[in-house]
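One line per chain: the protein sequences are A and B, in this order. Counting in the working numbering, the first sequence runs without a single skipped number right up to 112 at its last residue. Counting in the working numbering, the second sequence runs without a single skipped number right up to 117 at its last residue.
If you're looking for bench data, these hints aren't it; they were derived computationally from the structure. Take every hint as true, because none was put in to throw you off.
No farther apart than 25 Å at their CA atoms in a straight line, the calculated lysine to any residue pairs in the SDA-like style are these: (1) A:Lys80 with A:Leu47; (2) B:Lys58 with A:Ser33; (3) A:Lys43 with B:Ser8; (4) A:Lys3 with B:Gly60; (5) B:Lys18 with B:Pro62; (6) A:Lys99 with B:Asn53.
A short list of chain B residues far from chain A (calculated; beta carbon distances all over 10 Å): (7) Val20; (8) Asp25; (9) Ile27; (10) Pro62; (11) Thr77; (12) Glu86.
Glycine residues also receive a C-beta, built at the ideal position from the N, C-alpha and C atoms.
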Amino acid sequence: RKEVEQDPGPFNVPEGATVAFNCTYSNSASQSFFWYRQDCRKEPKLLMSVYSSGNEDGRFTAQLNRASQYISLLIRDSKLSDSATYLCVVNILTNAGKSTFGDGTTLTVKP
Amino acid sequence: GAGVSQSPSNKVTEKGKDVELRCDPISGHTALYWYRQRLGQGLEFLIYFQGNSAPDKSGLPSDRFSAERTGESVSTLTIQRTQQEDSAVYLCASSLVGTGVNNEQFFGPGTRLTVL
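Just chain B, with the same shape it has in the complex (with noise of 0.2 Å):
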């Protein structure tokens, strides 16, 4: 079956200009997750969506950033006013449900944003 995907899975935009990440998950998988990795670096959590819940924002790390989903289908992430630091992979993961042992992350390919 499909997993998740992620487009575009290469973005360059210049300095503060706004880009767009869009993640569609598996479906049926309640839970998604956004996470920043720069080069040679760890994950690092930016947002989690959980069915109806309120989103876990907590990794968000600036008012730049934003991220929506709806209901449990495609998620946008939101970069205004894009900086050099922003450069990264964006990963996208879903998972069938959010909490006990089966929360097994399914991760999209990414999308390698550049800012120049």
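Chain A extracted, bound-state conformation (with noise of 0.2 Å):
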């Protein structure tokens, strides 16, 4: 089983759709976690860190829950320009902070 693993997709929404995308991780002792978005042949870039108490960045959310070891992104009011891989990134600080990616969940958003 993979340490990270996400739907790849891909997702294919209307502009305007709220869509929400989710992430499980397997180490119960990681400790800081991130959304990364990718868009095409270009490098990751970050998204949002996510708090254990949720937060929200414009139409973006970003929850934790521990209990069940996921996290996940939601997009409101979805734009062309959310067209892109996001890649969900667990830390594990006994791993002496090396990140851990998801493979990414492609989203396309259509006129």
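Using the supplied hints, reconstruct the complex from the two chains, each of which is provided in its own coordinate frame.
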């Protein structure tokens, strides 16, 4: 079983739709969590960190469920420009900070 | 300010040749990572440097792969006797610290390696 698992998709949604991605992690010692975005043929960039209390940044909401060991990303009112691959990242403190990336979920927003 | 830079941006080589890829991290970043990404696939961790600690080499796929970093500066990833399956984009990332909530990784643009 992979340490970090994501539904690869693709998710194809119309503009304005709300879409949610989940990411599960296997190591209960995981300490910090992030969502990155990767556009086609580009490098990944940080979208948002995920805090225990949940956090929101505009149309994006990230949540953490430690009991069930998953994090989620909700995108509201999706735009064409949201089309990308979304990568879930988990850090384990006891692993000297090494990050583990999920394989990503691909989102395509259509007009 | 300057981000992470990588060179070359593209490298085409013949099977069996050695290649060296370079990464210049953001100044002051103690942690440096190398990843491999094959076309249409996720990031594959290769190696991780954190300050002066021994690097985590657990992701290197074979002994043909090696990497070095001097202090908190430039890193080089060397692939010896390249094979066609080594064709991929090699991404370097650096972060201010290796642990905790502030270890956002900043990625370079990658080196696209093609082995003929």
